[in-house]
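Chemist: Going down the list, the protein sequences come from chains A and B.
First residue of the first sequence? That's 1 in the working numbering, and the numbers climb one at a time after it.
First residue of the second sequence? That's 487 in the working numbering, and the numbers climb one at a time after it.
Just so you know, these hints were derived from the structure itself, not from any lab.
Take these hints with a grain of salt, some might be off.
[Stated by the list, open to error] Listed below are the simulated EDC-like cross-link pairs for lysine to aspartate or glutamate, each with C-alpha atoms no more than 20 Å apart in a straight line:
| id | chain 1 | residue 1 | chain 2 | residue 2 |
| --- | --- | --- | --- | --- |
| 1 | B | K792 | A | D485 |
| 2 | B | K771 | B | D712 |
| 3 | A | K186 | A | E376 |
| 4 | A | K186 | B | E515 |
| 5 | B | K792 | A | E376 |
| 6 | B | K810 | A | E157 |
| 7 | A | K435 | B | E515 |
| 8 | B | K792 | A | D473 |
All values reported here derive from a predicted model rather than from experimental measurement.
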Amino acid sequence: MSELIFEKSRGGRRAFAQAPADAGDTNIPQQLLREDRPRLPEASELQVVRHYTRLSQKNFSIDTQFYPLGSCTMKYNPRVCNTLALLPEFAGRHPLGPVSHGQGFMSCMWELQQMLKDVTGMRGVSLTPMAGAQGELAGVAMIKAYHDARGDTHRTEIIVPDAAHGTNPATATMCGCTVKEIPTGKDGDVDMAALETVLGPNTAGIMLTNPSTLGVFERHIKDIADRVHEAGGLLYYDGANLNAILGKVRPGDMDFDVIHMNLHKTFSTPHGGGGPGSGAVGVNKRLLPFLPVPMVKKTQVDGETLFDWATEDDFPQTIGRLSGFMGNAGVLLRAYVYMRLVGRDGMERIAEYATLNANYLMVRLREAGFELAYPERRASHEFIVTLKHEARDYHLTAMDLAKALLDRNFHAPTTYFPLLVPECLLIEPTETESKETLDNFVAAMVAIATAAKEEGVEYKEAPYTMPVRRLDDVRAARELDLRYDG
Amino acid sequence: MPFIPHTEKDTREMLDAIGADSIEDLFDEIPAELRIDHLQHIPDALSEMEIVRLMRERASLDGTPLSFIGAGAYEHHIPAVVWDIATRGEYYSAYTPYQAEASQGTLQTIYEYQTMITALTGLDVSNASLYDGASGLAEAALMAVRANRKVKSRRILLAPGVNPVYEKVAHAITGGQGLGFEWLPRDAATGNIAFDALPEGREPVAVAIQQPTFHGTLEDVDRLTDWAHAQGAFVIGIANPMSLALLKAPGHWGEEGVEIACGEGQPLGIPLSSGGPYFGYMTCKQKHVRQMPGRIVGRTVDLDGKPGFTLTLQAREQHIRRTKATSNICTNQGLMVTAATIYMSLLGHDGIARVARLSHANTTRLVDGLCALDGVERLYDAPYFHEVALRLDRPVAPVLEALDAQGILAGYDLSEYAGTDALLVCATETKTVADIDACIAAFGEAMR
Chain A
1 MSELIFEKSR GGRRAFAQAP ADAGDTNIPQ QLLREDRPRL PEASELQVVR
51 HYTRLSQKNF SIDTQFYPLG SCTMKYNPRV CNTLALLPEF AGRHPLGPVS
101 HGQGFMSCMW ELQQMLKDVT GMRGVSLTPM AGAQGELAGV AMIKAYHDAR
151 GDTHRTEIIV PDAAHGTNPA TATMCGCTVK EIPTGKDGDV DMAALETVLG
201 PNTAGIMLTN PSTLGVFERH IKDIADRVHE AGGLLYYDGA NLNAILGKVR
251 PGDMDFDVIH MNLHKTFSTP HGGGGPGSGA VGVNKRLLPF LPVPMVKKTQ
301 VDGETLFDWA TEDDFPQTIG RLSGFMGNAG VLLRAYVYMR LVGRDGMERI
351 AEYATLNANY LMVRLREAGF ELAYPERRAS HEFIVTLKHE ARDYHLTAMD
401 LAKALLDRNF HAPTTYFPLL VPECLLIEPT ETESKETLDN FVAAMVAIAT
451 AAKEEGVEYK EAPYTMPVRR LDDVRAAREL DLRYDG
Chain B
487 MPFIPHTEKD TREMLDAIGA DSIEDLFDEI PAELRIDHLQ HIPDALSEME
537 IVRLMRERAS LDGTPLSFIG AGAYEHHIPA VVWDIATRGE YYSAYTPYQA
587 EASQGTLQTI YEYQTMITAL TGLDVSNASL YDGASGLAEA ALMAVRANRK
637 VKSRRILLAP GVNPVYEKVA HAITGGQGLG FEWLPRDAAT GNIAFDALPE
687 GREPVAVAIQ QPTFHGTLED VDRLTDWAHA QGAFVIGIAN PMSLALLKAP
737 GHWGEEGVEI ACGEGQPLGI PLSSGGPYFG YMTCKQKHVR QMPGRIVGRT
787 VDLDGKPGFT LTLQAREQHI RRTKATSNIC TNQGLMVTAA TIYMSLLGHD
837 GIARVARLSH ANTTRLVDGL CALDGVERLY DAPYFHEVAL RLDRPVAPVL
887 EALDAQGILA GYDLSEYAGT DALLVCATET KTVADIDACI AAFGEAMR
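Chain A on its own, in the form it takes in the complex (with noise of 0.2 Å):
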C-alpha cells in the first residue's frame, strides 16, 4: 500500500493556485454551520499530481494490459471520443441551458437514438438509463407498465435462466416481480420443457441474454419468442453480448419487445475503474409510449429543424425519469463518436473480429488441453473453460489460475461466473486484440497449467510481482476498516 493522502498532509500546505480569493464571513446564520473542521487532505499540487499518478500504476487497465474479462467486452477506448466529449462547449453546458444552447448536443443525441434503433431493430430508443443496471430496472418497468395498463396486474412473474447476470433477478425484485429460475440445458441453450412448466397467466416475461452468458447463441430464440407470446409474456434482451451480433442479427428480429444496451461495452466507453456506464433501452411499438423520458426530438418550427425534448407531455404513459437531467450525456456523446467513427461497415466488422478472436483463442486453448464448457458449440465473443480437472487432480483452481495470470502480466478471465459452471473462466478477447496477444495469453495460460501438471506447482499464494499479495477478504469484512482515521 502506499502512504494515503492523508498521511502525506501537513497542516497548512496548500495548492496555492487552486483556492479562490477570500470573500470573508458570509450572512449565514451561525447555528446553520459547522463547528467541526472537516479532516480532507493539506497537500501541494505536486503532491496530489504525484500520488493519483502513482496510485494509477497500481491498476492493471485496458490501456496497459490484455483484459479478457467476460462478458465486460474491454476493448480500447479511442482517446479522440473522450478528448471531444470535453470540448469546451460540451462540457460546460448546463443540462438545464435553453434548447437554443444545446442544438448541437441535442442533434448529437438525437442521431445517436436513430443509430442504436438501427442496430438493434427496435422502434424507439431513451438513453437515460445510467448504467446496464438501470437500463434492466427499465425495462422491466416497462414491462410491468404495459401489463398493467392492459388489466393485466396479475402478471408478476419474470423468467429467468440460471445462468443470467446477477443484475436480472435483482432487478425483477426491485421492480416487485418473482422471478422463475430456469435451467439451461447440456447444450447451452434455453431447457424448454422447463420454460414450457413455467410459463402462466402470472407470467410477465423472460430475461435473456444473446449470445448468453455461456457464450453461445441461443438457437430456439424464435421458438421462445412464440411460447413467451403465446403465454402472453414479453421478451427482455439483455444487451451485454451486443458485441457479438453487432450488424448481423437483431434483437428486434428475433421478437424481443425491449432491450438494454450496455454503451460502456459494445460502443466503448470507457469503465473508468467502475463506471460511469450507460443502459439506453430500445423498445418495439407496444412498449413506445412507456419509454423513460426525457429523450430527443426533432421538430420544425417556421421551416426550420429544432431539436427539442420529449417529456411526460409527450409520453403520459412513460414509466418517468430516471435520472436528475438526462442521464450520463457524457458518456453517451462519446458512444456518438465511436459509432460515427466505425460507421456502418465497421459495425459488422466489429463482430466479425471479435468472434473470430474468441473461437481463435477457444481452439488454441481446447488444443492446448482446456477443457471447454461447451466443446460442441462456436464460441460467440466470449466462451467457457473450465478447470474442475485441474483443481482436483492438481490443486489449479479458477482463482489460481486468475491470480497467476496477473503475474504474468495479463489481468484475469471472469471467474466463477456463470455459477452453474464449475471452476469457470469466462474469457472474452474483443476485436481490438491482435493475433500476437492472443497467442501469448495461449502461452501463459499453458505456462501455468504445465507447472502444475509436471513440476507440482501451485499457485495458492500468487500473485506474487502485484503491489499487494493476496488479500484476506475474511478480515476484511469482519474487521471493517473503511475510512482512515488515523
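Let chain A serve as the given structure and place chain B on it in line with the hints.
Modeler: Here is chain B on its own, set in the frame of chain A:
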C-alpha cells in the same frame, strides 16, 4: 473504421487454426432467417480528422454563454490536474476492481474518497458511489425501508425543499416496491417547512430533508431532524457537498444526526456536461452499513501482513445475492469519484470553504443588484447559500429569452414549481464582478 489490428495474413492463419473457411462460417449457429444483410441507417465511417471537425461544428452551436443557472448542477472551476489525472488510461480504461491485486490504484482512491466524503457529511461510512443525486434518494429510501425495522410503513415524507425531480426519480425507481412519497407543508413566507402544520401519526419510515433546499434557502434542519426522529422515522439528509465546507454536516443535524446522507457529487470537480455523468454519494451510520447499496472498499492485509484494499461486504450485492440483493446496482460512477477525490485533495477544506464563501458572496451581489430593479424581489425570506429564488412582476420566459439573446442565461425558470412568476439564480466563484454587473444591467434592460 473499427479498431481492428488484423492483417489479412493473421485472419487467414486464425481461420485455418479454427478450421473455418471464412469468418462468415463462425456465425453458422444463428438461424438464417434471422440474419440481416446490412444496417440501413448508420452513416459511413469518418476518419478522426473528420469527426473532430464535425464535433467542433456541433459544439459551436451550443456556445459558451454566461450562465447563472444552478437548480441541482453547479458551474465551478475544475483544476486542470483533475481530469488530466482522471483520464490517465490506468484509471480511465480499468474496470470494477474485482481482481484486487491488480486494482490497488482504484481501490485506494475509493478508500480515500470514502474517508473524505464521510468527513464532509459527518457520518461513519460511505459506499463507492451511486449514479447521481436523484437516484441516490431512491436508494436511500429503499435502504431506510430495510434498515428502519421499527416502522412497517413504506411512506417517505419529503421536506418541501427536496428537489422535485428527485421525487419523480425516486418514485419511478421504487414504485414497483410500493414506496410512497408525500410532501410536507411549505411555509409561504420562508419557503421552508411549515413547522406549525406538520402532520402527526403518519408513521413515516423516513423523512428526507434537503439543505440547501431546491429553492436555495436554508432550513432549520436541527428542529426538523428532531421532529422526524420523534415520529420514529429515519432521516435522509440531502446536501450539496460543496456547501458542507460551511454548513453543519448532516451527521450533526439535531440531537442524533441523520441516519443516511446522500446527494449530488457533481460540484466536486465534475463538468456540467448536459447532466452527466455525475455521481451520487451516500454515507450512513456504522450500524446500517450492511443495508447500504453499492460497492464498498475496505482496508485489510495481504499474505505478508502488508496493508491493501479490496471490495468488501459483497454479500449484500447482486452478483452474490441475486434476488435478495440490497440493490441491482453494480457499475456505478467510479471515474467521477476518482475526479472528485483529486479535486478534494487539491482544494482541501480551506480551498472548498473559499469556493463556497465566494459563491455565496457573488450570489449576494447578484441578488442585491437584481432586487434593486423594479419588479424584482426575493421570493422567500430565509437565509441562503449560493442560490436564491426571485419573484418577477411578469412572466419569466420572455425575460430569459431577452437575456439569452445577449449570451446570458440569467437563471432557472422556477414558475412551475413556485406557483408564481419566479426565477432561481446562482452565481458561483466562476463569476467576476464584471460578469455579475453585466447580468444585472442586461436584466434591467429586459425588465424595462
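Chemist: Holds or violated: K792/B with D473/A, Cα cutoff 20 Å?
Modeler: Holds, at about 13 Å.
Chemist: Given the proposed pairing of K792/B with D485/A, does the C-alpha separation stay at or below 20 Å?
Modeler: At roughly 18 Å apart (the allowed maximum being 20 Å), D485/A and K792/B satisfy the hint.
Chemist: Is it true that the CA of K771/B sits at most 20 Å from the CA of D712/B?
Modeler: Holds: K771/B and D712/B sit about 17 Å apart, inside 20 Å.
Chemist: Given the hint that K810/B pairs with E157/A, does the C-alpha gap stay at or below 20 Å?
Modeler: Answer holds: K810/B to E157/A is near 16 Å, not above 20 Å.
Chemist: Below or equal to 20 Å on CA atoms is what counts here, so check K435/A against E515/B.
Modeler: violated, 24 Å
Chemist: Between K186/A and E376/A, does the CA-CA distance stay at or below 20 Å?
Modeler: holds, 11 Å
Chemist: Please verify whether K186/A and E515/B have alpha carbons no more than 20 Å apart.
Modeler: holds, 16 Å
Chemist: If you draw a straight line from the CA of K792/B to the CA of E376/A, is it 20 Å or shorter?
Modeler: Violated, at about 46 Å.
In terms of the numbered hints stated before, the structure departs from hints 5, 7, listed from lowest to highest.
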